[in-house]
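Asks: If you want the building blocks of each chain, they are given just below.
Protein chains: 2
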Amino acid sequence: MIIASSSSVYGSGYLEYLLPVLKKHFKNVKTLVFIPYARPSGISYDDYTALVTKAFLNININIKVKGIHEFTNPAEAILNAEGLFTGGGNTFELVNQLYKNAVLVPLKEAINKGVPYLGTSAGSNICGVNMMNTNDMPIVYPPSFVTLNLIPFNINAHYIEPVLNSKHMGETRETRIKEFHVFHTIPVLGLKEGSWLEVINNTIVLKGNHSAKLFQKNKEVTVIENETEICL
Amino acid sequence: MIIASSSSVYGSGYLEYLLPVLKKHFKNVKTLVFIPYARPSGISYDDYTALVTKAFLNININIKVKGIHEFTNPAEAILNAEGLFTGGGNTFELVNQLYKNAVLVPLKEAINKGVPYLGTSAGSNICGVNMMNTNDMPIVYPPSFVTLNLIPFNINAHYIEPVLNSKHMGETRETRIKEFHVFHTIPVLGLKEGSWLEVINNTIVLKGNHSAKLFQKNKEVTVIENETEICL
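Chains as they are written, first to last, in this note's numbering: chain A, 27 to 258; chain B, 27 to 258.
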């Protein structure tokens, strides 16, 4: 699995910063099944799938992209996929559709048997134990917040440090995660834009140019340096 | 009802900017029932209630504050209250506890019969049709997102304009609200810190020094000037 904080970084095209990683990750993949359920800015499944197709061409990755909505049996499509990619957008709507289309279990099964998976933003949040550390607005009510539980912690994507001297009184990201730990013991990884996790079997390594922050209940926050294995 | 974006503004104490308004709003109130369920930073109900008691003394409001958790029958406490205040914190946990303690209906009933209500931040979000425009992290799973529906639109508290020249790739507040309108027709009012709504019977007036932004499905965003009645 490649679990990326964001699909793009400032000043660079969609997925562009991940090009060398994706070339390697999807080297044996000819057709990729794309999950467009998160619908960033509310775009349609077709438009989102077309955007990904174009992006892959732009970064010279020669893979045919097929949206999961193009299959009559989405669960079967996932189980038969050579490669899988869940794009970013709204995590509530993504999880809602994963439940409605009954593809959460097949997705977990496919990834567990070794199908290469890419998640960005919302598509990364769902790799955690649950989606309770998303930054997204709850624009729909999913049947549950429980997600794939493929890594032993939750992801906070687009992690950002508090803005110095801000006059805004809304909670910082760190405060929000600490509030989560009043109710739960699940660790949370704050993954900055431009960072990703490379997960091979049970080994999880932080990649990209940034450190990450690991929040654990009743513990000091830990800074994880890049190129480090994350052991809990 | 006083529906405030935030409990405080930058550089001023808790509730301080609202002092003249609260003096008038609660002028006949000797004992106020406080709802501390939103637990900002995870503080206890007792600590939160003590904080509000102290804040009222600091701003020379002589009202006895009693936390709803101090009553054996919270629904009855609300129905018998002279005044009501729901504080800010996490909207998911607030709504979760409103359902668990079965106080959502009594709360609506009390406000409808004229008991003066103050809501700040999460306590304001719950006055809308549902809580789907909160900025909070979904740290608990409430039984529903449906709230008091006492005004014909939703509140986005702590509303903030996009940061110019930001390198952060996460969605702006405006993008998130527009995503909401892909799925719903409920209007959303972006209420800036330092703004509040004064609701008397069916008249809703924007107060404070700032304008607000009204988002409606398939319409241009409307700027509402302060001291203006909001008519939908």
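Derived from the structure by calculation, the hints contain no laboratory data.
Keep in mind that the hints are not guaranteed to be accurate.
Since the list gives no way to pick out one identical chain from another, each pair is judged satisfied if it fits inside one copy or across any two copies.
[What the hints assert, rightly or not] Computed list of lysine-lysine pairs in DSSO-like fashion (alpha-carbon distance at most 30 Å, straight line):
id: 1; residue 1: K92; residue 2: K245
id: 2; residue 1: K243; residue 2: K90
id: 3; residue 1: K204; residue 2: K56
id: 4; residue 1: K92; residue 2: K239
id: 5; residue 1: K92; residue 2: K204
id: 6; residue 1: K139; residue 2: K245
id: 7; residue 1: K243; residue 2: K126
id: 8; residue 1: K239; residue 2: K56
id: 9; residue 1: K50; residue 2: K193
id: 10; residue 1: K193; residue 2: K134
id: 11; residue 1: K80; residue 2: K239
id: 12; residue 1: K193; residue 2: K126
id: 13; residue 1: K204; residue 2: K53
Asks: Give a verdict on every hint.
Replies: To see whether the hints hold, each was checked on the structure:
1. K92 / K245: neither (44 Å within a copy, 33 Å between copies)
2. K243 / K90: Cα proximity of K243 and K90: none, with 43 Å in one copy and 35 Å across.
3. K204 / K56: neither (43 Å within a copy, 36 Å between copies)
4. K92 / K239: For K92 and K239, neither the intra-copy (35 Å) nor the inter-copy (39 Å) Cα distance is at most 30 Å.
5. K92 / K204: Classified as between; 27 Å across copies, 39 Å inside a copy.
6. K139 / K245: neither (34 Å within a copy, 47 Å between copies)
7. K243 / K126: Intra 32 Å, inter 25 Å, cutoff 30 Å: inter-copy only.
8. K239 / K56: neither (36 Å within a copy, 47 Å between copies)
9. K50 / K193: Cα proximity of K50 and K193: across copies only (28 Å, versus 44 Å in one copy).
10. K193 / K134: Neither way: K193 and K134 sit 43 Å apart in one copy and 33 Å across, limit 30 Å.
11. K80 / K239: neither (33 Å within a copy, 35 Å between copies)
12. K193 / K126: neither (41 Å within a copy, 35 Å between copies)
13. K204 / K53: neither (40 Å within a copy, 37 Å between copies)
When each numbered hint is compared with the structure, violations occur for hints 1, 2, 3, 4, 6, 8, 10, 11, 12 and 13.
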